[in-house]
Amino acid sequence: MNVALRSRTRICYYVAALCLFSAARSNAADQFQLRFAEPDPKGPVLLQRTGDHYRYSSAPLATQDDIDTVTTHELGQGYCDIVIRFSRTAADRLTAMTTGKTGLIVGMVVDGQLFAAPHLGGPLGEDVEITSGFSCEQATALKTHLLSSPNSKKPKDHTQ
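Quick note: the sequence shown, position 42, residue 45 per this note's numbering, numbers continuous.
These aren't lab readings, by the way, just hints derived from the structure by calculation. Be a bit skeptical, because a hint or two may be false.
Unchecked claim - Restraint ranges, calculated between C-beta atoms of paired labels, are given here: (1) Thr92 / Gly54: 17 to 25 angstroms; (2) Arg91 / Lys45: 36 to 44 angstroms; (3) Gly81 / Ser60: 35 to 43 angstroms; (4) Lys104 / Gln80: 29 to 37 angstroms.
Don't be surprised by glycine CBs; every beta carbon is placed ideally from N, CA and C.
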């Protein structure tokens with residue numbers, strides 16, 4: 004499967020089984036991160052779903068603290084997607100840091116674990132859509148987890 008991130012940015016990723024997320028961590032930045040990653044057979048970071056190893060090649064591009072809203076949308080046949088809207092400041096930073104980086108891998112880190120490692124299809128921006136393969140129950144679990152930020156600036160649920 005060819006996996007890519009695109010603007011109105013979609014993180015298209017098939018996830019057979021989404022792990023149940025642990026309770027909110029004490030550090031919101033550990034709860035969710037987007038980071039550039041490189042394949043490395045001896046790397047310290049494991050993508051459990053595939054068994055592939057990676058090494059992070061950057062500081063986080065965005066963290067839980069950068070999220071403004073989290074929304075789920077039903078796609079039909081029991082599937083849903085998630086749209087994460089980042090703050091304007093974070094969106095500008097994401098665009099600047101991802102422009103000209105098409106094809107690189109962006110790791111999506113949840114609770115310190117690499118959750119997905121799609122290829123960048125173009126610059127990231129304000130809205131990042133995570134789609135493909137989420138049951139509505141899984142999408143709701145991820146959204147609830149992202150909304151459970153322990154910091155004072157909690158993202159808002161804007162599900163219609």
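How the hints compare with the structure:
1. Thr92 / Gly54: 17 to 25 angstroms: At roughly 37 angstroms between Cβ atoms, glycine 54 and threonine 92 fall outside 17 to 25 angstroms, so the hint is violated.
2. Arg91 / Lys45: 36 to 44 angstroms: holds, 39 angstroms
3. Gly81 / Ser60: 35 to 43 angstroms: holds, 36 angstroms
4. Lys104 / Gln80: 29 to 37 angstroms: holds, 34 angstroms
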